[in-house]
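Each chain is listed here by its residues.
Protein chains: 2
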Amino acid sequence: MEINNILITGNLANDIKKVIDPEQYPQTFRFIEEKSVTSKDLQWADGYVAFKPTTNFEFFDIKWVHSLGAGVDGFLFGNKWKEDVLLTRTICSFGQRISQYCLSYYLKDLQEHDSFREKESHKQWQPVTPKLIKNQKALVYGTGEIGQEIAKLFSSLGIEVYGVSLSGSQKPHFSKVYSISTETEILSEVDVVINTLPLTKETDKLFGKDLFNYMNHAIFINVGRGSSVVESDLIDALQNNTIRLAVLDVFKEEPLPVDHRFWELENVRITPHISAVTTVEEAVDCFLETLNKLKDKSVLKNKVDTSLGY
Amino acid sequence: MEINNILITGNLANDIKKVIDPEQYPQTFRFIEEKSVTSKDLQWADGYVAFKPTTNFEFFDIKWVHSLGAGVDGFLFGNKWKEDVLLTRTICSFGQRISQYCLSYYLKDLQEHDSFREKESHKQWQPVTPKLIKNQKALVYGTGEIGQEIAKLFSSLGIEVYGVSLSGSQKPHFSKVYSISTETEILSEVDVVINTLPLTKETDKLFGKDLFNYMNHAIFINVGRGSSVVESDLIDALQNNTIRLAVLDVFKEEPLPVDHRFWELENVRITPHISAVTTVEEAVDCFLETLNKLKDKSVLKNKVDTSLGY
Numbered sequence: 001m002e003i004n005n006i007l008i009t010g011n012l013a014n015d016i017k018k019v020i021d022p023e024q025y026p027q028t029f030r031f032i033e034e035k036s037v038t039s040k041d042l043q044w045a046d047g048y049v050a051f052k053p054t055t056n057f058e059f060f061d062i063k064w065v066h067s068l069g070a071g072v073d074g075f076l077f078g079n080k081w082k083e084d085v086l087l088t089r090t091i092c093s094f095g096q097r098i099s100q101y102c103l104s105y106y107l108k109d110l111q112e113h114d115s116f117r118e119k120e121s122h123k124q125w126q127p128v129t130p131k132l133i134k135n136q137k138a139l140v141y142g143t144g145e146i147g148q149e150i151a152k153l154f155s156s157l158g159i160e161v162y163g164v165s166l167s168g169s170q171k172p173h174f175s176k177v178y179s180i181s182t183e184t185e186i187l188s189e190v191d192v193v194i195n196t197l198p199l200t201k202e203t204d205k206l207f208g209k210d211l212f213n214y215m216n217h218a219i220f221i222n223v224g225r226g227s228s229v230v231e232s233d234l235i236d237a238l239q240n241n242t243i244r245l246a247v248l249d250v251f252k253e254e255p256l257p258v259d260h261r262f263w264e265l266e267n268v269r270i271t272p273h274i275s276a277v278t279t280v281e282e283a284v285d286c287f288l289e290t291l292n293k294l295k296d297k298s299v300l301k302n303k304v305d306t307s308l309g310y
Numbered sequence: 001m002e003i004n005n006i007l008i009t010g011n012l013a014n015d016i017k018k019v020i021d022p023e024q025y026p027q028t029f030r031f032i033e034e035k036s037v038t039s040k041d042l043q044w045a046d047g048y049v050a051f052k053p054t055t056n057f058e059f060f061d062i063k064w065v066h067s068l069g070a071g072v073d074g075f076l077f078g079n080k081w082k083e084d085v086l087l088t089r090t091i092c093s094f095g096q097r098i099s100q101y102c103l104s105y106y107l108k109d110l111q112e113h114d115s116f117r118e119k120e121s122h123k124q125w126q127p128v129t130p131k132l133i134k135n136q137k138a139l140v141y142g143t144g145e146i147g148q149e150i151a152k153l154f155s156s157l158g159i160e161v162y163g164v165s166l167s168g169s170q171k172p173h174f175s176k177v178y179s180i181s182t183e184t185e186i187l188s189e190v191d192v193v194i195n196t197l198p199l200t201k202e203t204d205k206l207f208g209k210d211l212f213n214y215m216n217h218a219i220f221i222n223v224g225r226g227s228s229v230v231e232s233d234l235i236d237a238l239q240n241n242t243i244r245l246a247v248l249d250v251f252k253e254e255p256l257p258v259d260h261r262f263w264e265l266e267n268v269r270i271t272p273h274i275s276a277v278t279t280v281e282e283a284v285d286c287f288l289e290t291l292n293k294l295k296d297k298s299v300l301k302n303k304v305d306t307s308l309g310y
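If you're matching them up, the sequences are chains A and B in order.
Numbers 1 to 310, taken from this note's numbering, label the letters of the first sequence in order.
Numbers 1 to 310, taken from this note's numbering, label the letters of the second sequence in order.
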């Protein structure tokens, strides 16, 4: 595919500009803040690089869209995609980042960090035995690159890792992969449930009371998308203790509004969508790698199936 | 070795009594609280099982001492050992426990848990990028069973793990093992320093300003023995930031006195000697396994070299 005019926008545009030397590439680049992108810029471009479409986005002659994030629901969810436009996404170290995020909060819980910190603040010496991670059970929604990276890390520590996917196809590092809605047979036995799913029509509001009611005092970690969770049902589950602790990195509305109930609940940990941050270096590496592969017509591992949404 | 009369004492004695069925063993058992052990009990015994000697301890006819802890400094440090008495110790899951303890605090730091928790308490949404564990460098003092378990876990996550031991013999999972005092060449480069060493005359007060001055904003984790650290030097190092964070599970005096400076320092985490708790189940398993091996004259992996102290 021949790409000549590349429009790069969004909050990384300026940082990316600093590390790309346009002289080294046959293409012409425009680096523009999101709110300053005009229809003329969009008409000029055949390549568009950003986290999401600008509010005035139209395809015009754009042939290639590259998402700076791993999730592409900003482009696809609720929008109509123009069929012949190629959509690629950033992959890179997200699997490592998200799996280390999940492990850190899981170990924090098993090792009783909060309880010891509380006692420390009162100068209290009260031993409690931390739990070992071996033989714990985890259920991971999503068995793609990120889910597999979690399964690889967790299973290496002796955790029994189950997966859930649309197809239920077996994947490496999972003891068993369930097709969606058959996983309820294992839900009550698992110690931690992790959502890594992209937002699609199948995963919108997937985590509601029907699923939560199967859980048995488990930890729920959401590193997928906030809209996959029915937030009021999650609050109920946290209050009746079917979910013991929720670790949430993504929310229906971000930043999480200051008057949201989540801020008030003792058994909710909130992080500001940082479990899979796109660093400038990685964003640039992945973008340039994709650009080179387009030129060489190599296989693209980060091509999105726009009908599936991931 | 024939053992007939086994005295079990210390704070696990009652719990161990509940799970051992004396009818199943040819030996006779006495389960006695530490302060109630008399000279007559000691004279009666040929096997002694506890975390440490009673205050009135004498060897009399005792042929075998089994330590319920991994550390045997309670028996050996500053005491004269009777040469022909066998000393064994509990090993079991300590390596797993300690390595997961260390990893949990290391990840907590890389993932900025405290910073996000602080922001959460003020309902602040302020993204910060967590650090990846890959390519971090760790230096582990002690390359025995526990040190090796840490090296195995850490290296599997892409951490470069260096070791320090008396001999400097190379061991699995370590990129390089230094003989003690030659490790100073790497000290300024490492992100985390972990002490797992037993307390012996060589390791008493080992961690003082001479070592701390080499460190460069590192984390210091002590899961070995408190007396290996010169506490006033550690406090200086924490204040001049050669050590960024100390995670301490062991102390010169335990419980840590309420008026100790450590309680006051913002960059010290204190846990009450729980990184390698002996659970009743594991204590019993390891004790009975050792008892069986004594009967069968099998090789004892947990035999202590009383001249080395571990």
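A hint or two may mislead.
Which copy? The list can't say, so a pair holds if one copy fits it or any two copies do.
To be verified - Simulated crosslink set (DSS-like; lysine-lysine; CA at most 30 Å straight-line): (1) K18 x K293; (2) K40 x K134; (3) K63 x K134; (4) K108 x K82; (5) K134 x K152; (6) K293 x K17; (7) K252 x K80; (8) K134 x K17; (9) K131 x K293; (10) K17 x K131.
Please keep in mind that the hints were generated in silico from the structure rather than gathered at the bench.
To see whether the hints hold, each was checked on the structure:
With identical chains, the CA atoms of K18 and K293 are at most 30 Å apart within one copy only, with a shortest distance of 23 Å there and 68 Å across copies. Taking the shortest alpha-carbon separations for K40 and K134, neither the intra-copy value of 58 Å nor the inter-copy value of 43 Å comes in at or below 30 Å. Taking identical chains as interchangeable, the C-alpha atoms of K63 and K134 are never at most 30 Å apart, the minima being 49 Å within one chain and 36 Å between chains. Taking the shortest alpha-carbon separations for K108 and K82, neither the intra-copy value of 45 Å nor the inter-copy value of 44 Å comes in at or below 30 Å.
For the identical chains of this complex, K134 and K152 are neighbours both inside a copy (14 Å) and across copies (15 Å), given an alpha-carbon limit of 30 Å. With identical chains, the CA atoms of K293 and K17 are at most 30 Å apart within one copy only, with a shortest distance of 21 Å there and 69 Å across copies. Proximity of K252 to K80 under the C-alpha cut-off of 30 Å is restricted to the intra-copy arrangement: shortest distance 21 Å within a copy versus 67 Å between copies. For a Cα distance limit of 30 Å, the shortest separation of K134 from K17 across copies, 27 Å, qualifies, whereas the shortest one inside one copy, 46 Å, does not.
For the identical chains of this complex, K131 and K293 are inter-copy neighbours only, at 29 Å across copies versus 47 Å inside a copy, given an alpha-carbon limit of 30 Å. In this assembly of identical chains, the alpha carbons of K17 and K131 lie at most 30 Å apart only when taken from different copies (24 Å versus 48 Å within one copy).
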